[in-house]
Amino acid sequence: MLDNVRYFIRRALRNMRQWPLLCTAAILTMAVALATVATFFLVVVNIEQLAQSWTKEIQVIAYLETALPQRDIAETVKKLKLIPEVATVDYVSQEDALQRFRQRLGEDASLLEGISRDLLPASFELGLRPEFRHQQGVEKVVRQLESSIDIEDMRYGQSWLERFNAFVDMLRFVGMVLGGFLLFAALFIVSNTIKLTLYARRDELEIMALVGATMRFIKVPFLLEGAIQGVLGGLLSLVFLSIVFKLVIERSLQSFWLTPTDFQLLFLTSSQQLALVAGGMLLGLLGSLTSLRKFVRI
Amino acid sequence: MIQLFNVSKSFGGEAAAVKDLTLQIPKGDFVYVTGASGAGKTTFLRMLYLAEKPTRGQILINNQNITRFRSHQIPYLRRKIGVVFQDFKLLQSRTVFENVAFALEAQGKKRYEVSKKVYQALKEVGLEHRMQRKPLELSGGEQQRIAIARALVVDPLILLADEPSGNLDQDVTQDIMELFKTANARGTTVLLATHDHSLNRRFPRRVITLDKGQLVADQQPHQS
Chain A
233 MLDNVRYFIR
243 RALRNMRQWP
253 LLCTAAILTM
263 AVALATVATF
273 FLVVVNIEQL
283 AQSWTKEIQV
293 IAYLETALPQ
303 RDIAETVKKL
313 KLIPEVATVD
323 YVSQEDALQR
333 FRQRLGEDAS
343 LLEGISRDLL
353 PASFELGLRP
363 EFRHQQGVEK
373 VVRQLESSID
383 IEDMRYGQSW
393 LERFNAFVDM
403 LRFVGMVLGG
413 FLLFAALFIV
423 SNTIKLTLYA
433 RRDELEIMAL
443 VGATMRFIKV
453 PFLLEGAIQG
463 VLGGLLSLVF
473 LSIVFKLVIE
483 RSLQSFWLTP
493 TDFQLLFLTS
503 SQQLALVAGG
513 MLLGLLGSLT
523 SLRKFVRI
Chain B
36 MIQLFNVSKS
46 FGGEAAAVKD
56 LTLQIPKGDF
66 VYVTGASGAG
76 KTTFLRMLYL
86 AEKPTRGQIL
96 INNQNITRFR
106 SHQIPYLRRK
116 IGVVFQDFKL
126 LQSRTVFENV
136 AFALEAQGKK
146 RYEVSKKVYQ
156 ALKEVGLEHR
166 MQRKPLELSG
176 GEQQRIAIAR
186 ALVVDPLILL
196 ADEPSGNLDQ
206 DVTQDIMELF
216 KTANARGTTV
226 LLATHDHSLN
236 RRFPRRVITL
246 DKGQLVADQQ
256 PHQS
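These protein sequence lines map, in sequence, to chains A and B. Using this note's numbering, the letters of the first sequence map in sequence onto residues 233 to 530. Using this note's numbering, the letters of the second sequence map in sequence onto residues 36 to 259.
A portion of the hints provided could be inaccurate.
[To be verified] Quick list of the computed label-pair ranges, beta carbon to beta carbon:
hint : chain 1 : residue 1 : chain 2 : residue 2 : range
1    : A       : T501      : B       : K151      : 19 to 27 Å
2    : B       : F104      : A       : R246      : 48 to 56 Å
3    : B       : S174      : A       : F272      : 32 to 40 Å
4    : B       : M36       : A       : L260      : 52 to 60 Å
5    : B       : H164      : A       : S502      : 50 to 58 Å
6    : A       : S502      : B       : S174      : 22 to 30 Å
7    : A       : L253      : B       : R91       : 43 to 51 Å
8    : A       : L260      : B       : D253      : 53 to 61 Å
[To be verified] Listed below are the simulated BS3-like cross-link pairs for lysine-lysine, each with C-alpha atoms no more than 27 Å apart in a straight line:
hint : chain 1 : residue 1 : chain 2 : residue 2
9    : A       : K451      : B       : K169
10   : B       : K169      : B       : K62
11   : A       : K526      : B       : K247
12   : A       : K427      : B       : K216
13   : B       : K145      : B       : K247
14   : B       : K158      : A       : K451
15   : B       : K124      : B       : K152
16   : A       : K372      : A       : K288
17   : A       : K372      : A       : K427
18   : A       : K451      : B       : K247
19   : B       : K124      : B       : K158
20   : B       : K151      : B       : K115
21   : B       : K124      : B       : K144
22   : B       : K145      : B       : K88
23   : B       : K62       : A       : K451
24   : A       : K451      : B       : K88
25   : A       : K526      : B       : K151
26   : A       : K451      : B       : K124
27   : B       : K158      : B       : K144
28   : A       : K427      : B       : K169
29   : A       : K451      : B       : K144
I should point out that these hints are in silico values taken from the structure, not numbers from a laboratory. Don't be surprised by glycine CBs; every beta carbon is placed ideally from N, CA and C.
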């Protein structure tokens, strides 16, 4: 058994040495295919991350029918903080609201002179926890608010939220469709490249069958070879992506942002990197398996 | 012992390549299979190592009905049969040694056993000094001798040769025939497909003649 395994590995490596051009072609094809899929994945993940960073602005503002007496404010804030989706609660009194309005008017603030301080309603501004910064989260908060305090009106960027939701949904859908298409194309190209490499070696396959090699004996070294090439292709694509990411994209983005930003580009996590290499192995295996089926006949 | 009972083989809608063939070849026999091009010689040989399955009839080798073999049994049949072709079918990227070793490796033989047997087989065909060469660096006759060494290294019960001297000159053919005779003398049944009648004149043996897939003559040496 151990002898067989050693023999298969030796033969897979010897095949790769004897056909360096075919082997390089297969590895490069897999590296390009995997790098394309991984790049696309990174683009989608980063756009989604960027989109998520916009949701920091999401908040629910509840305008009160009547301003609360000073003694009830702290208690209401405490009650609102009990809503699981809510992270922060700020009470904006009528004076504060007017003050803000005045600031916003800037030079035209004089227009507000002589206006009663109870012109604008008092309000609660509720910030949401990051995981609830979406339409369903907001709607939950709104329902609970309605049942707990007297509200005159509520604002939570309904139409913006709807558009944002549609955008994220579309991004995911397009990501899945294009990603699936890319993956299929990668499998197709890799499988065809392996088919070509096997076509060049069909004599070897024919002679093996002729001298009484079993199906397993013929196939295993080729599958092993496909898997090794896949792993090498995966590693190569990872090295290529890291270099491009660190040296090109990150640097050019740093000069792109005009204002300081806390937006950090995401690269593949270590488990995703591992998945890329494992994906390469799987791609090599599947490519070899489908091609062998065509060439090995006993 | 090879036995064929009413064996026919046709490809698609075409006329049968082999038609209703019935014959027996005892163990250790040496038989020429002759006939014009397209007479069915190659198809007949290919059916013996199950590269083709008969459309009709039964083939028995050592009392085993090989026409009933499932695909996983075929490799074990081929380990008992050595095959030599007109175009040698050698791996050009491998050395002479590796080409012959290939047949033993495919059977899962141990490394030390492979080295010993390959050296022995190459010595028998007179190529032990060319072990590390690639086939294309050698002459046609030498390449055919490698192919014969590969066929004989596994000590086959049957040796099938399909026009083995088709591309070779008279002297080389003589050498090759000597190798077949030696193998036959050790007990290997030899079937040699050829349209070169001079072979039979120089090395008289049983001759089976096919025409349009049918057996038209089966002559023993004393009759020819």
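Restraint check for K451/A with K124/B, where alpha carbons must lie at most 27 Å apart: Holds, at about 20 Å.
Agreement of K145/B and K247/B with the hint, judged by alpha carbon distance not exceeding 27 Å: violated, 45 Å
Supplied distance hint 50 to 58 Å, evaluated on CB atoms of H164/B and S502/A: 56 Å Cβ-Cβ, so the 50 to 58 Å window holds.
Straight-line alpha-carbon gap K451/A to K169/B, limit 27 Å: Answer holds: K451/A to K169/B is near 25 Å, not above 27 Å.
Distance restraint between K526/A and K247/B, which requires alpha-carbon spacing of 27 Å or less: Violated. K526/A to K247/B sits at ~32 Å, over the 27 Å cutoff.
Straight-line alpha-carbon gap K124/B to K152/B, limit 27 Å: holds, 20 Å
Restraint check for K124/B with K158/B, where alpha carbons must lie at most 27 Å apart: holds, 20 Å
Outcome of range test on Cβ distance (T501/A, K151/B; 19 to 27 Å): The hinted range 19 to 27 Å is violated for T501/A and K151/B, with Cβ atoms some 54 Å apart.
Straight-line alpha-carbon gap K151/B to K115/B, limit 27 Å: holds, 19 Å
Distance restraint hint 53 to 61 Å, applied to the beta-carbon atoms of L260/A and D253/B: Holds - the Cβ-Cβ distance for L260/A and D253/B, about 59 Å, lies within 53 to 61 Å.
F272/A and S174/B - C-beta distance against the hinted 32 to 40 Å: violated, 56 Å
Straight-line alpha-carbon gap K427/A to K216/B, limit 27 Å: Roughly 42 Å between the alpha carbons, so the hint for K427/A and K216/B is violated.
The structure fails to meet hints 1, 2, 3, 6, 10, 11, 12, 13, 14, 17, 18, 22, 23 and 25 from the earlier list, while all remaining hints are met.
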